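**Student:** Going down the list, the protein sequences come from chains A and B.
Sequence positions in the first sequence follow this note's numbering and run 2 to 247.
Sequence positions in the second sequence follow this note's numbering and run 2 to 111.
Honestly, the hints are just simulated from the structure, not real lab data.
Predicted model, so just to flag it, every value in this text is computed and none were measured.
Just so you know, even glycine gets a beta-carbon here, dropped at the ideal spot from N, CA and C.
All clues given are correct.
Computed from the model, here is a short list of chain A residues facing chain B with C-beta under 10 Å:
| no. | residue |
| --- | --- |
| 1 | R15 |
| 2 | R22 |
| 3 | L23 |
| 4 | F28 |
| 5 | T32 |
| 6 | R33 |
| 7 | T34 |
| 8 | L36 |
| 9 | A38 |
| 10 | L41 |
| 11 | A42 |
| 12 | G46 |
| 13 | Q52 |
| 14 | I53 |
| 15 | D67 |
Between beta-carbon pairs, the in silico distance windows are:
| no. | chain 1 | residue 1 | chain 2 | residue 2 | range |
| --- | --- | --- | --- | --- | --- |
| 16 | A | S84 | B | G88 | 40 to 48 Å |
| 17 | B | A102 | A | E178 | 48 to 56 Å |
| 18 | B | T87 | A | L149 | 31 to 39 Å |
| 19 | B | Q78 | A | E178 | 54 to 62 Å |
| 20 | A | P31 | B | T87 | 36 to 44 Å |
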Amino acid sequence: MSAPPAPEATPAQRRAVAWSRLRTALFIRPTRTALLAGVLALLLGLALTVQIRATREQGLEALREDELVGVLDTVEQRRARLSEEVADLERQREDLVTAPAGSEAARRAAQDRADDLAVLAGTVPARGPGVTMTLEGPPQGIGTGVYLDLFAELRDAGAEAIQVGPVRVVASSAVTESADGVVSLDGTPLPARVVVSAIGEPRTLASAMDIPGGLVETVRGLEGRVSVTTSPSVLVSAVRTTSTLR
Amino acid sequence: MIPVIGLVVGVVLGLVLQPTVPLWAQPYLPIAVIAALDAVFGGLRAVLDGVFSDRVFVVSFLSNTVVAALIVFLGDQLGVGAQLSTGVVVVLGVRIFSNVAAIRRLLFGA
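Between the sequences and the hints, there should be enough to build the whole structure, so can you do that?
**Tutor:** Next comes the structure, spelled out in structure tokens:
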């Protein structure tokens, strides 16, 4: 081992000393502890490659107990939901098979389904519990993004029918903004003060609007005004005509 | 030199034999590997400082890995395994960085 550098050594000298020490260290000096160090280094190399490989093909077995509990819980909930659905469908099937001539129950089921779909597609007016909101935009108007967030949040909260101003909002609805900043919904320009009606579980819908970062906060941040009122009976009167499918 | 050869042989063995990690070692191996890496960088720094000793290296290597695994084991028993593992990794990471910085200064003066 070389002597430590004198305190007054220049940086270049100190560097040279460090390099020479590195070279010296590379010579094989087979003492017992050096061999032991070699074995340990071998184990480290082995563990390193094994662990890297294990991480790449890691499945459930590498998860911790609490993470596994979470996964199990999710699967369990999903199973419960699916078995509920199975029971539902089996009951329906039973009805269809056993009903006299099968026709009445089948007709009723089909009609129920058609009614549900008509509400979702916006081809019939709908009435039910829900919320009514008055959106009063700031002078520069509410941007298209706010409307898109509004629809997404309402749908997430389980809204079955949504009307904005005179327009029924459906799956294919588009919010556009013209060059002079006028926001239109499906081609109908929206006024600065617009009434939004949505049918669904009123409390869920109202709290979905109120969450931090949600619609109410966003619009207030833009210096607009919002009021949300829940009601046991909200009318969504706007309808749209179905276009024939291509 | 011997440790370098050992490391290379270990990596080759791991790649060729492809052993699997035993179940009981799975939570502890990653932390032990990080701790061992810390010992290796500390050893390299000691070499450049001219104070390296095989004996110290072996002892620090073993104690580092054992203590790291022990901390994780204890954390798992106490229900704070994930947080404690993160803490150990952070501490060892900081040490590795400072050792690498010292090595860099010694070899390149920068």
